[in-house]
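So the protein lines, in turn, are chains A and B.
Note that our numbering has the first sequence beginning at 1, numbered continuously upward.
Note that our numbering has the second sequence beginning at 1, numbered continuously upward.
Don't take each hint at face value.
What the hints assert, rightly or not - In silico DSS-like pairs for lysine-lysine, Cα to Cα no more than 25 Å straight-line:
1) A:Lys212 with B:Lys212
2) B:Lys212 with B:Lys237
3) A:Lys194 with B:Lys194
4) B:Lys194 with A:Lys212
5) B:Lys194 with A:Lys232
6) A:Lys58 with A:Lys117
Derived by calculation from the structure, the hints in this document are not laboratory data.
The lines below spell out each chain.
2 protein chains.
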Amino acid sequence: MDEVRVLAPATVSNVVCGFDCLGFALERPFDKMTVRHIKEHEIRIVNLDNFDLPTDPKKNVAGVALGALLNRIDADFGFEIEINKGIRPGSGIGSSSASSCGAVVAANILLGGRFSKLELLEFAMQGEMLASGARHADNVAPCIFGGFTLVRSTEPLDVVSLDFPPLFATVIHPQIEIRTSEARSILPEHVPLKDAVQNWSNLGAFVAALGKGNYALMARSMDDLIVEPARKSLIPKFDEVKDASLAAGALGGGISGSGPSIFMLSSRIETASLVEEAMAAIYAETDVEFNTYVSQISSSGVRHG
Amino acid sequence: MDEVRVLAPATVSNVVCGFDCLGFALERPFDKMTVRHIKEHEIRIVNLDNFDLPTDPKKNVAGVALGALLNRIDADFGFEIEINKGIRPGSGIGSSSASSCGAVVAANILLGGRFSKLELLEFAMQGEMLASGARHADNVAPCIFGGFTLVRSTEPLDVVSLDFPPLFATVIHPQIEIRTSEARSILPEHVPLKDAVQNWSNLGAFVAALGKGNYALMARSMDDLIVEPARKSLIPKFDEVKDASLAAGALGGGISGSGPSIFMLSSRIETASLVEEAMAAIYAETDVEFNTYVSQISSSGVRHG
Numbered sequence: 001m002d003e004v005r006v007l008a009p010a011t012v013s014n015v016v017c018g019f020d021c022l023g024f025a026l027e028r029p030f031d032k033m034t035v036r037h038i039k040e041h042e043i044r045i046v047n048l049d050n051f052d053l054p055t056d057p058k059k060n061v062a063g064v065a066l067g068a069l070l071n072r073i074d075a076d077f078g079f080e081i082e083i084n085k086g087i088r089p090g091s092g093i094g095s096s097s098a099s100s101c102g103a104v105v106a107a108n109i110l111l112g113g114r115f116s117k118l119e120l121l122e123f124a125m126q127g128e129m130l131a132s133g134a135r136h137a138d139n140v141a142p143c144i145f146g147g148f149t150l151v152r153s154t155e156p157l158d159v160v161s162l163d164f165p166p167l168f169a170t171v172i173h174p175q176i177e178i179r180t181s182e183a184r185s186i187l188p189e190h191v192p193l194k195d196a197v198q199n200w201s202n203l204g205a206f207v208a209a210l211g212k213g214n215y216a217l218m219a220r221s222m223d224d225l226i227v228e229p230a231r232k233s234l235i236p237k238f239d240e241v242k243d244a245s246l247a248a249g250a251l252g253g254g255i256s257g258s259g260p261s262i263f264m265l266s267s268r269i270e271t272a273s274l275v276e277e278a279m280a281a282i283y284a285e286t287d288v289e290f291n292t293y294v295s296q297i298s299s300s301g302v303r304h305g
Numbered sequence: 001m002d003e004v005r006v007l008a009p010a011t012v013s014n015v016v017c018g019f020d021c022l023g024f025a026l027e028r029p030f031d032k033m034t035v036r037h038i039k040e041h042e043i044r045i046v047n048l049d050n051f052d053l054p055t056d057p058k059k060n061v062a063g064v065a066l067g068a069l070l071n072r073i074d075a076d077f078g079f080e081i082e083i084n085k086g087i088r089p090g091s092g093i094g095s096s097s098a099s100s101c102g103a104v105v106a107a108n109i110l111l112g113g114r115f116s117k118l119e120l121l122e123f124a125m126q127g128e129m130l131a132s133g134a135r136h137a138d139n140v141a142p143c144i145f146g147g148f149t150l151v152r153s154t155e156p157l158d159v160v161s162l163d164f165p166p167l168f169a170t171v172i173h174p175q176i177e178i179r180t181s182e183a184r185s186i187l188p189e190h191v192p193l194k195d196a197v198q199n200w201s202n203l204g205a206f207v208a209a210l211g212k213g214n215y216a217l218m219a220r221s222m223d224d225l226i227v228e229p230a231r232k233s234l235i236p237k238f239d240e241v242k243d244a245s246l247a248a249g250a251l252g253g254g255i256s257g258s259g260p261s262i263f264m265l266s267s268r269i270e271t272a273s274l275v276e277e278a279m280a281a282i283y284a285e286t287d288v289e290f291n292t293y294v295s296q297i298s299s300s301g302v303r304h305g
């Protein structure tokens, strides 16, 4: 086996009341990636898309993640990565994570599977460090483990795969730029204890609802008193999109990652499509370009393509 | 049927990272209660123990809770409650809740079960209002539903029964008085967002661990950065008791309710007994009187006795 092709899916992090810990994997959109052995002890990047991302492996998240893996093995060879991104950079649905995860998962298949998912996650987090300057696993965890993941801790790394029933996500990506630094600085450093209690009550109930497949409880639990109120002003028409989505039958949702994408969850694919129409109708009345996606929550992360 | 006897169990609330939402029911200790019809349209209280609690139904939590129920039915009769408390008042393991819940559950059996558990909870919360001045359901929810309960919201009331594996609690009740007002006022009004995030990550993981029966994850998740650090100074030897319990094999634990009791969870009854010895050894070196209890977490709340 000289090369491995994978599909590395988009992911949603900061799932409503699960800020900084809860995420899930979509089936689509995804990046198509091919990783192959090369004789030279180096990492080479070939971009097949038009996003003009760096080909210097130290400046490309996939290169950094794969470099971390290569540093851990005693190899005289290297890797070439071909990347055809289907996930727009800066969309807030884990574009950089997909590249990082796709690279290390594909390389691990080439190497006969010597690394565990948790080890691959550590490598991918090196890519996230380059992308965001912070050691966080909210997108890379679902991208590698699939499904819903809860990152209990990053130091040490502790990831929980959650049970969940059939669920469908609708995502709208307004093509505006939100700087991660701005999304961070807009958050309060301190929060009222009573709001924190309400948030963790909601998260506990949401995790229980996922496990029981209780959609009504999921809907009641998807409420965030802390992060969404602070950040939603960064996203045009946020309240309108949310209201219209709920009216169309969505269980709930919020800001994906640190935005600008907005996601909504539904119990049925038909509802998720109605939500897509409702979202698009709101943005069609603005000057903002946008994309929409409908996808089942995927129980697998990066997969053979 | 003229009278009904019930056992109303002790409960633990504020379960580590689940402050103000997570609680569970013990099998013992419990209050023994008998509720019987009387011809007069009133509530009469007979105390069979030596705790010298009020017999005025407006000043006794069981009387208040049962009064709330009686107000909801068109009855020309009343109830007499005989109470033999096995749960010491002020212990922090739901003594007042047991009396409130026992009274309304027993009366509901007499009435042929016309009220739902959620309705009974509303009545019992009236008793809690008298006891603590606050509308909270952290102890009454597990006392009525049994097992582990998560109170997502009190307004409107939203209670989630959690799945859980076999678990055993060890409780030590140091016989000191902690005023609820002091336990409240010692809490910060605002908390660092990063601590709140760690707490809800832990709670999410703990709920998942209960559902999966993953004891190791339970142990890693039982960590509270917010309430325990503020309140533990109110309880002599708290750190020593916790350290000794963990060394004896406990999964984790913390302050029960707002104290003074300390509880620890174990996966086996034998371990819970070793934890009891370890706790008792610490307090035996102090001047503080104490009781200890070992009990399985009970899947039923108030039960026929």
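How the hints compare with the structure:
1. A:Lys212 with B:Lys212: 11 Å, holds
2. B:Lys212 with B:Lys237: Violated: B:Lys212 and B:Lys237 sit about 33 Å apart, past 25 Å.
3. A:Lys194 with B:Lys194: Holds. A:Lys194 to B:Lys194 sits at ~15 Å (cutoff 25 Å).
4. B:Lys194 with A:Lys212: The given pair, whose Cα atoms are some 29 Å apart, is violated under the 25 Å limit.
5. B:Lys194 with A:Lys232: 20 Å, holds
6. A:Lys58 with A:Lys117: 23 Å, holds
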